[in-house]
Structure formats: structure tokens, C-alpha cells
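Next come the chains, spelled out residue by residue.
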Amino acid sequence: MRKAILVNAALLAVAVITLCPLLWMVSVSFMSPGEANSFPPPFLPRQATLQNYRELFSHTGMGRCFLNSLLLATLATFLSLLFNVTAGYAFAKLHFAGRDRIFKVLLGALIIPAQVAMIPLFLMLKNLGLVNTYVGVLIPAAANVFGIFLVRQYALALPNELLEAARVDGAGELRVFRSIVLPALGPILVTLAIFAFLGSWNDFLWPLIVLTDDHLHTLPVALASLSREHVQDSEMMMAGSVITVLPVVAVFLVLQRYYIQGLLAGSVKG
Amino acid sequence: MNGSRAGWMFAAPALIVIAVFFFLPVLAALGLSLTDFDIYAVADSDNLRFVGARNYLRLFETPLFWKALGNTALFVVVGVPLSIATSLGTALLLHTGVTRMKGVFRTALFAPVVTTVVAVAVIWKYIFHTRYGLLNYALGLVGVHPVDWLGDPRWAMPAIVLFAVWKNFGYNMVIFLAALQNIPEDLYEAARVDGAGSVQQFRFVTLSALAPTLLLVSILTMAGYFQLFAEPYVMTQGGPLQSTTSVLYFMYEEGFKWWNLGSASAVAFVLFLLMFAVTMLQFFVARRWSQP
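Going down the list, the protein sequences come from chains A and B.
With this note's numbering, letter number 145 in the first sequence gets 145, and the count goes up by one each step, no holes.
With this note's numbering, letter number 127 in the second sequence gets 127, and the count goes up by one each step, no holes.
Honestly, the hints are just simulated from the structure, not real lab data.
Predicted model only: the values in this text are computed from it and were never measured.
Keep in mind that a hint or two might mislead.
[Unchecked claim] Straight-line Cα separation of at most 16 angstroms, EDC-like style, residue types lysine to aspartate or glutamate; simulated pairs:
#1 K93/A to E161/A
#2 K126/A to D44/B
#3 K257/B to D38/B
#4 K126/A to D38/B
#5 K126/A to D213/A
#6 K93/A to E164/A
Let's have the full structure, built from the sequences with the hints guiding it.
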């Protein structure tokens, strides 16, 4: 009994400390300009106002950046589904020359940090005239080893008999994929989609390098440069953080089960 | 044979993308790091010369590069154990089975993981504010004098470590939680029969069952922490007195501020080799440990 109280109290304390910065962000975003810069730091706005959000959307172009981020994350999600699902299925269930060796090479490549490829990739895109375009931002995210791995692990569990039976009935490989494999992969497709969406939405270094025009910037890139210009405007910066964080937290809260499942699948790759 | 063709057709699109936009650039980075590719070569590649290992040699004579290595090492050496300890501690609390709100707590503790690092770094910049920040306010309640977290070279990196632990511990917590749930109850039962107290149970049952998970988590976490970039970019811009300039921050400035792309590629490769060496070291230590 005493243990239960202690554990619950400890968990509550950690949860409060963990959520405090996020709750504080929301609260400050509704304060009037300058209100947060006082001592002791106020926890709630004296009078809640939407002024920071209005200012943000009318003067800083964050509204457009929000749409940019949304468009890019959506496209990245589609690309990820398009490329990784077929490959993951092939590595799990189709036999082709060199399959296992290629898969080993892919897994081994996970140890190479993505930043190693960034500089030549940038020069490559520059030669193709793709710097400062969304194609340039999206290209490297289209297929990735983690996505292929995720789908493969899930697809391994599909019963071979099911696929064979369809083939015996005369279904071609595309048909088998579309009418049997894809429906059976449902849950992992959701997981993959969440990872792709969040990955693209939260990405910073690559869009920072590739997108030079302000009007193409994603939210994180715009927010970082805004925070350098508006150091004093903590209330407006918090409003900017809210609109950046809110969509991904919402996606996570709604689809949490799928997200955690993917995270755990990715952590058993050893 | 027909199956082989189908397999290739399904795998080829992704493999081509990965080959062209990942493997090829990695090889090109190695080549690039052996040239003097700079702003003139960006304009006209005729200005490109092969310089052998000169970029690497010059890096090792650059004090800021060593400083960046040291800062990154500090971030990894302090941040990774602290992060893993927090993850393990919270996972153990959640696993005790005495809380009815396990799901709620888990979600709350995990929330920072999914947030955008730039946005939460902006929040923490204000939390670390010397006069109006929440942290100094909270510390003031217990009598600690205000700390100039992001303005004092001694405190800027610890502040970033604190932020990173907050942002990341939920990830490993979920992994630990799953591993804890997989430990069979019989093991504890057997240990109790043998007269093991709760500390001994933790040491000999829990920790030894978690060993493979610990190895995996420490490898993944370390790889992540080596790639420190957005935090100093937003919170300190590498300062004060370059105390938070990380290797990647140095690479970014070298490459995309000064356009020394040859030298920046060399930085990227040094980082890669360093990460590779540390990963191998962890495997080695883990193997020595598991077979005494």
C-alpha cells in the first residue's frame, strides 16, 4: 500500500515535470506581448488573447509554412508507402538472386549517419536544378532502410499457403500483392505512414540546407530563423511552437498504438 | 525464375533510390573529402583539385574542430547514461504494476519524443532564461541562485544535455517497458526461493535479462546523441565561446556557411568513423561481459 502511494507519487511528479514545458508553451502563447517576461514567471495568462496567433499568421508567413510542412509531410508519406511496402514484401516473401545478401548490406548501412551523404547529395541536386525545390527535399526520404525493414518483419508472418493458393488460381504477382498482401499489411502501413509523416514534419537539417527561399520554408526551418529575429517576443514564439508541435502530438495521440508497435519492431533488429 | 523477376521488380524501385541517393553520395563524400572543393568549385568544377589527406590533416590542426569533438564527446558521455538511466527508472516505475494509470503516464512521458525538436528547443530557451525562466524560478524556491544557463560556457552544454534527456527518455522507456514485460515471473520466483532480496533480484534477474536490450538501447542512443545539431543551432548558435559547437554544427558551418564542401565532407567522415568505432567498442565490451 505504501509502495503504491510512493510509486504513484513519483510517476505523477515525473509526468508533471515532463508535461510542464508543453503546458507552459500553450499557456504563454495566449498571453499578451511582454507578459511572460516578468518575475515570478506567470503560469496563466491574465487575459487569454489570440493576438500572438493573429500576428504570427498575418506578419511572419508562418501560415504558409504550415501549409508547406503539411504538403511535404503528406507527399513524404505517400512516397514512403509507394517505395518501402513493395520492397519490404519482396524481401520477406519473394525469392530473387542475392536477396539475403542485399538485405544484410542494407542493415549494415544503418550505421552510416545520413549526414555523410548530405553534401554530395546537395551538389547532385544542384546539378539537376533541384536545390530549393520540394522534389529535392523529398528525394532522399522516398525509400529508407528502416521502412523496408519494418514492412519486411511484418510481412514475414503472412502464410505462404495463402500466396501460393492465389498463384495456383492463376493470379499474377501484381494481383497477389494488391488483393492479398496489401490488405493483410494494413496495420503496418499505418505505422509506416505515421513514421514517414512525423519524420518529414520534424526534419530540420536537410530542409534547412535545401530550401533557401523563405516562402518554401517548412515550420521548423521558419521557426528557427524566427526565433533568432524575435528573441524578445516569447509569447509569439510560443504560439509558433504550438502550431508546429500540435499536429504531430495529435497524430501521435490518435494513432499511438501503431506508433509504439513500429518503435518496438524497429528496436529488435539486433 | 519467374519468382526471381517478380522479386526484383518489387524491390528495385526502393533499391534504386537508396543506391542513387544514399550509397552513391556516401562514396562521393569520401572522394569529395580528398579534394579542395570550395566556393569556387561550386561555381565551376574546373577549380577542383585532388589534395589527398590534406583536409583531414588541416582539420586536426584546427582548434575549433577539436573543441567540437570535445563538446560532442561531453554531450554523449554525460547525456547517454543520464538518458538511459531516466528511461530505465521510469520504465521500472511503470512496471511495478501498482499504478492504475499506466497508459496515461506512459503517454505523458512519451509525448516529448514525438514533438518537433526545433519547437521544443525554442520553449526550453525561455525555460533556461536567467531572469524569467521557469527553471531558475523553481531552483530559486529551494534557495539556488540564478544560473545563466545558456550564457555561461560552463553551463550551456549541461543545459542542452538536460533538454535532450527530457526530449528523448520516453523512447527508450517504451523499449525497456516491453523488455520488462517479457521477463518470466518464474525467474523472480526462483530467485526468491534462493533467498534473494529485492536488490539482488534486480541485479541478477532484471538487469541480466535486460542486458541485450541495454546494449541495443545504448548503441541506438549513442548514435543519436553523436548527431547533435538542432539543439545548439536553436538555443545557443554554438556559443557561448563555442562551448556548444558540435561536430555536425561545425560541419554545417564549414559546408553551408563557408562553402568548404571538401573539408566539410572530411568532418562528416570523421564523425562516421568515430561512431563506427564506438559502436564496435560497445559490441566488444558487451561480448566480454556476457562470457566472463
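Hints, verified against the model:
A hinted pair counts as satisfied when its Cα atoms are at most 16 angstroms apart, and K93/A with E161/A qualifies at roughly 11 angstroms. The hinted pair formed by K126/A and D44/B meets the criterion: a straight-line CA distance of about 12 angstroms does not exceed 16 angstroms. Among the hinted pairs, K257/B with D38/B is consistent with the structure: their alpha-carbon atoms are about 11 angstroms apart, no more than 16 angstroms. In summary, the hint linking K126/A to D38/B is supported, as the alpha carbons are separated by about 14 angstroms, within the 16 angstroms threshold.
With a C-alpha separation of about 15 angstroms, the suggested pair K126/A and D213/A falls inside the 16 angstroms cut-off, and the hint holds. In summary, the hint linking K93/A to E164/A is supported, as the alpha carbons are separated by about 11 angstroms, within the 16 angstroms threshold.
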